[in-house]
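Visitor: Single-letter residue listing:
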Amino acid sequence: DSGVTQTPKHLITATGQRVTLRCSPRSGDLSVYWYQQSLDQGLQFLIQYYNGEERAKGNILERFSAQQFPDLHSELNLSSLELGDSALYFCASSAQGQPNTEAFFGQGTRLTVV
Amino acid sequence: SQKIEQNSEALNIQEGKTATLTCNYTNYSPAYLQWYRQDPGRGPVFLLLIRENEKEKRKERLKVTFDTTLKQSLFHITASQPADSATYLCAPLVRVDSSYKLIFGSGTRLLVRP
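Chains A and B, in that order, are what the protein sequence lines are.
Residue 1 is where the first sequence starts when you use the numbering used here, and the numbers rise one by one after that.
Residue 1 is where the second sequence starts when you use the numbering used here, and the numbers rise one by one after that.
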């Protein structure tokens, strides 16, 4: 158990809908990362937050947004969903925003858009 | 553009042999590089981190090398076991302005035959 909790584990929704994925980082970790992993694809970096502020951005679509709350949990909002958004979405946390600390990953949310 | 390349073909080896996985990167100058293990449907798990001023790092049966001239990292598992079968991800940490991005390669699948 990595200590990172993601909910829900599975989500099935229709095209055009909006969903929210939730991530609770490990206790004490200030940094949260979001990744998308499509079938047989690598992990695509979406966005990173550190202590409530956006720290780094990857190839995140404009239809997607995220935030980190004062209690450090984070939410990833996906809107106007398309079939191609079906993927595993992972959240990871680390103690600092710096690179010399490992990232701990949650078990992911499997999103299926039908 | 920046690229991380890992062998897309699976590496199939006999139990007891040494597995060597390659990570090549272009147009990056990572100060750190991490290796993760990912099992199907699960989040990646951190294995090792190596800094740019370290040529080699070891942890039990694992060894990582980092050649900043060749822009390559090698990941070795000695005395491999069937339980080592998984996908291994290379993740150079790249500085972007005042932050670091943890970017993953697409991974190499390792199969260890009993």
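If you're looking for bench data, these hints aren't it; they were derived computationally from the structure.
One or more of the hints may lead you astray.
20 Å max Cα-Cα, derived DMTMM-like pairs, lysine to aspartate or glutamate [what the hints assert, rightly or not]:
1. B:Lys-57 x B:Asp-39
2. B:Lys-101 x A:Glu-54
3. A:Lys-9 x B:Asp-84
4. B:Lys-59 x A:Glu-102
5. B:Lys-63 x A:Glu-53
6. B:Lys-101 x A:Asp-29
7. B:Lys-101 x A:Glu-102
8. B:Lys-57 x A:Glu-102
9. B:Lys-101 x A:Glu-53
Visitor: Hint by hint, note whether the structure agrees.
Guide: Here's how the hints hold up against the structure:
1. B:Lys-57 x B:Asp-39: Roughly 23 Å separates the two Cα atoms, so the pair is violated.
2. B:Lys-101 x A:Glu-54: holds, 12 Å
3. A:Lys-9 x B:Asp-84: Outside the cut-off at roughly 26 Å; violated.
4. B:Lys-59 x A:Glu-102: Roughly 15 Å between the alpha carbons, so the hint for B:Lys-59 and A:Glu-102 holds.
5. B:Lys-63 x A:Glu-53: violated, 36 Å
6. B:Lys-101 x A:Asp-29: holds, 17 Å
7. B:Lys-101 x A:Glu-102: holds, 13 Å
8. B:Lys-57 x A:Glu-102: holds, 15 Å
9. B:Lys-101 x A:Glu-53: Given pair B:Lys-101, A:Glu-53 holds - Cα atoms ~15 Å apart, limit 20 Å.
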